[in-house]
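Q: The hints should help you fit chain B onto chain A, whose structure is shown.
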Amino acid sequence: MEANNDVALDIIITNVVSVFRTRCHLNLRTIALEGSNVIYKPEVGKVLMKLRKPRITASIWSSGKIICTGATSEEEAKLGARRLARCLQKLGFKVKFTAFKVVNVLAVCTMPFHIHLIQFTKNNRPIASYEPELHPAASYRIKNLKATVQVFSTGSITVTGPNVRHVAMAVEQIYPLLFECKSTMR
Amino acid sequence: MSSRVCKTCGCTDIDIDQARGNAVCMGCGSVLEDNIIVSEVTFVENSGGGSSAVGQFVASDGTGKTPVLGSGFHTTLGKESRAQTLLNGKRQINHLGHQLQLNQHCLDTAFNFFKMAVCKHLTRGRKMAHVVAACLYLVCRTEGTPHMLLDLSDLLQVNVYILGRTFLLLARELCINAPAIDPCLYIPRFAHMLEFGEKNHEVSMTALRLLQRMKRDWMHTGRRPSGLCGAALLVAARMHEFRRTVKEVISVVKVCEATLRKRLTEFEDTPTSQLTIDEFMRVDLEQECDPPSFTAGQRKLRLQQLEHELAKKIDEVQGEICSYQDEIELELESSRPKLKGPYASYAREDSSDDSVSVASGLPGNEDDADEELKAAAQQLTKDFYSELMPGAGEASRAEEGSEAESEQVVLPRYPPLASLLGPLPTAASLGLSESIQKCITEKDVDGNSENGELDLKGIDDDEIERYILNEKEVKIKTELWMQQNADYLKEQKEKEERIAKEKELGIYKEQKPKRPPKKREPIRASTAGEAIEKMLEQKKISSKINYDVLRDLDKKGSSPGAQPEETPSSPGGRKLSGRRKRNMAALGLGNPISSVGKRLRPLISAHVGKKPASSQAAKASAAVVTAETSQPVVVESGPVVYEDAMEEEEEEEEEPCVSAMQLMGGNDYGCDVDDDDGL
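So the sequences go chain by chain: A and B. Heads up, my numbering is the position in the first sequence plus 19, with the first residue counted as 1. Heads up, my numbering is the position in the second sequence plus 6, with the first residue counted as 1.
Bound conformation, chain A alone (with noise of 0.2 Å):
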């Protein structure tokens, strides 16, 4: 096993998705009115917040619930929760920013080698599942960390965890595993 492997891969976070609790009751006609990038869903009850600086949209509920997705990392996604609060502020609704919490973390990598993918199920049995019919990736659930790995037969995987440091821990226990049901091409 490589002593450090993280040298040559790069982890990528592409998604993180949070939410957080503004404890008001939000009206949400006046955020789709007043808002300028705004798409206000009556049918399901929400509003569509999208903020350009970190690049995230809000599902933004009556209730106070607000859903943030698109950022980049997990500090951009507590700047941009906490920018959108501020903009309800100032439109007038007395928001609180409580119990903000990343809840998913999506990231992408890429290993430098291809990955027999039937192999890597039949050596992993019960946690790897391989449905070609499906889904051309086979995916592998790590229970204590709560993350998920769908790896594809180019060698790039895609990790779902719920924050950084587990995503980067599920790529750490992963990679012997995929490294040994490598195709020998590349």
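Hints may be right or wrong, so weigh each one.
Okay, the calculated beta carbon distance ranges per label pair [to be verified]:
#1 B:Glu337 to A:Thr129: 49 to 57 Å
#2 A:Ser81 to B:Gly131: 25 to 33 Å
#3 B:Pro194 to A:Val122: 46 to 54 Å
#4 B:Gln110 to A:Val127: 46 to 54 Å
#5 B:Asn491 to A:Ser82: 19 to 27 Å
#6 A:Thr177 to B:Gly512: 53 to 61 Å
#7 B:Pro194 to A:Ile58: 50 to 58 Å
Derived pair list, reagent style BS3-like, types lysine-lysine, alpha-carbon separation capped at 30 Å [what the hints assert, rightly or not]:
#8 A:Lys60 to B:Lys499
#9 A:Lys201 to B:Lys306
#10 B:Lys478 to A:Lys109
#11 A:Lys84 to B:Lys501
#12 B:Lys496 to B:Lys478
#13 B:Lys221 to B:Lys268
#14 B:Lys501 to B:Lys481
#15 A:Lys201 to B:Lys221
#16 B:Lys478 to A:Lys69
#17 A:Lys141 to B:Lys126
#18 A:Lys60 to B:Lys481
#19 A:Lys162 to A:Lys141
#20 A:Lys65 to A:Lys113
#21 A:Lys72 to B:Lys478
#22 B:Lys133 to A:Lys165
Derived by calculation from the structure, the hints in this document are not laboratory data. On a predicted model such as this, the values are computed, not experimentally measured, just so you know. Backbone N, C-alpha and C define an ideal beta-carbon position, used for all residues, glycine too.
A: Below, chain B alone, put in the same frame as chain A:
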């Protein structure tokens, strides 16, 4: 049984004979008990002459809650819910399995999987059909039959991914490792469907070889096996001089044409495709190919590198281009015709358009990969330009020629885009860029948000102000929004009005949007008989009820049979059995359970304590007789009828209600079972 003391002689030596059901004192020989309730297996004769054991099957993991037979008579013969589910599942498995032509062994295995799934409560919250299909597919995979998940979804008309999700869950929960799909399994099936006649076997063999070659060439990982099969079969058919069109193949294999073509082109790229037919059959190339995604990736890499280099070169030559731009501008200004209409706005952006033409006109380093791009870009810009300014187009071409000798300038793809986008409103982006700079330099400190206060660090208020529209904009937007969502707003208004009206009337109920309102007017009737009739009309009960009996029952006055504390599942049985039990209680506890006939006689003949009770005993017996002569009909519809009748008659009761449970000492079960068996 606790040993008791004999009453006559006082000795404790009591012999209990289970077979005869006697308890006899060994000292004096007096019979202490007769007709003891036995708990051995008893057998009853069937209609066919055979004998079957009496009793119900209770699963060891079942809840033990069995519906009392009086009500649940018809379809399931009083089986408990678990058995019903299993039976239902078995039926569905067999039905689907026969459509898929699975043999009995597979169906049995599938049923075993289903039983396991039910034990683990995996059927809860899922459609039975999905679970059944998943079990069947699991069997197909473990046995290696050539059935695809697509076939199952075709039969059930369900999205294949939904079935796949259920299947994956099932496999995971049951810890069954389904072996990976081998496309070779599907070849015989598809070959058969394509009807190759006598040469079927040869074509299959060829297709198999092709498939194996594909596997070696890394075409099969991550792809649907059916697509590969289709491609292999198509080539094999052609090799053996069978005319199978792409359409025929895709109808058999169930992939789309694009996929098939893609597989074929990928195969074409491999060196194997260069061999002749004979060579292919004899020789197997040693070299393995890169997977097609890999080659695509390589190409992308190359393109990216090229772009990098081009970008670098652009920077170098930028200055020169600017000078040429100025010259050309001057010339064009003089020769440009005046434009009106929508293109007038374009005319204003002289510099941008000129740079476009200049950029595209300059002959660039003709890269192989970029040739088409360049030509296309040139063509497009030329068209665009010539539309607007025909004269200027010629001028630019003239420029082109003069520039030919100048240094090699590479096709700058970036400036055209930037310049085209230039005229678009950039106010926001410019403003943003300033604040971006600000924010990047500031550090984001993680503030404690326990008290809910918003940490304003790193938030630029000015920028946020921009997110909020000013009053005029708000007005405009409000109008637009109202127009757009007029329908929805109308609906909301109507709903509110409706609710307000209902509130006034006092009938307003907090209704969930899903449930349609079910309002029934309370029945207003003068006599109980009328009430029963009205209720029957409302509830749409079966026409097989013997109304005469009902009315008779009612007319004879109060009914002591109201045993509301009994299980609600069998109120009818409740009422009838309540009466019986009452009478039995009057006769004495622990009476032997024997056939109904036997019991009726003591009922009728015995002198029951209270007069009304006795009259009702007679009535009950009469009712019971009529009820039972007309078999289960009355009994089964009884519950609905009696329920309401009893509710309305409760006030008229004279006797206090004592639950049968108390009377009988809690031995309902045996009672009821025997009733029906006695029939």
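Q: If a hint holds in the structure, say so; if it does not, say that too.
A: These are the hints, each one checked on the structure:
At about 51 Å, the beta-carbon gap between Glu337 of chain B and Thr129 of chain A stays in the expected band of 49 to 57 Å. At about 29 Å, the beta-carbon gap between Ser81 of chain A and Gly131 of chain B stays in the expected band of 25 to 33 Å. Under the hint 46 to 54 Å, the C-beta atoms of Pro194 of chain B and Val122 of chain A, about 49 Å apart, fit the expected range. Against the hinted window of 46 to 54 Å, the Cβ-Cβ separation of Gln110 of chain B and Val127 of chain A comes to about 48 Å, which satisfies the hint.
At roughly 21 Å, the beta-carbon separation of Asn491 of chain B and Ser82 of chain A lies within the given 19 to 27 Å, and the hint holds. Roughly 59 Å separates the CB atoms of Thr177 of chain A and Gly512 of chain B, a value that falls within the hinted 53 to 61 Å. Remark: the range hint 50 to 58 Å for Pro194 of chain B to Ile58 of chain A is upheld by a beta-carbon distance near 53 Å. Taking the CA atoms of Lys60 of chain A and Lys499 of chain B, the gap is about 17 Å. The hint holds against a cut of 30 Å.
This hinted pair checks out: Lys201 of chain A and Lys306 of chain B have alpha carbons roughly 22 Å apart, not beyond 30 Å. For the proposed pair Lys478 of chain B and Lys109 of chain A, the alpha carbon gap of about 17 Å is at most 30 Å, so the pair holds. The hinted pair formed by Lys84 of chain A and Lys501 of chain B meets the criterion: a straight-line CA distance of about 26 Å does not exceed 30 Å. This hinted pair checks out: Lys496 of chain B and Lys478 of chain B have alpha carbons roughly 25 Å apart, not beyond 30 Å.
Simply put, Lys221 of chain B and Lys268 of chain B have alpha-carbon atoms about 16 Å apart, close enough for the 30 Å limit, and the pair holds. This hinted pair checks out: Lys501 of chain B and Lys481 of chain B have alpha carbons roughly 26 Å apart, not beyond 30 Å. Only pairs whose Cα atoms come within 30 Å are accepted, and Lys201 of chain A paired with Lys221 of chain B is accepted, the gap being roughly 15 Å. About 22 Å separates the Cα atoms of Lys478 of chain B and Lys69 of chain A, which keeps this hinted pair within 30 Å; it holds.
A hinted pair counts as satisfied when its Cα atoms are at most 30 Å apart, and Lys141 of chain A with Lys126 of chain B qualifies at roughly 26 Å. For a cut-off of 30 Å, the pair hint linking Lys60 of chain A to Lys481 of chain B stands: about 19 Å separates their Cα positions. For the suggested pair Lys162 of chain A and Lys141 of chain A, the alpha carbons sit about 18 Å apart, so the restraint of at most 30 Å is met. For the hint pairing Lys65 of chain A with Lys113 of chain A, the CA-to-CA distance comes to about 18 Å; that is within 30 Å, so the pair holds.
Under the criterion of a C-alpha separation no larger than 30 Å, the hint pairing Lys72 of chain A with Lys478 of chain B is consistent with the structure, at around 25 Å. At most 30 Å may separate the alpha-carbon atoms for a hinted pair to count; Lys133 of chain B and Lys165 of chain A meet this at roughly 28 Å.
Checked against the numbered hints given earlier, this structure breaks none of them.
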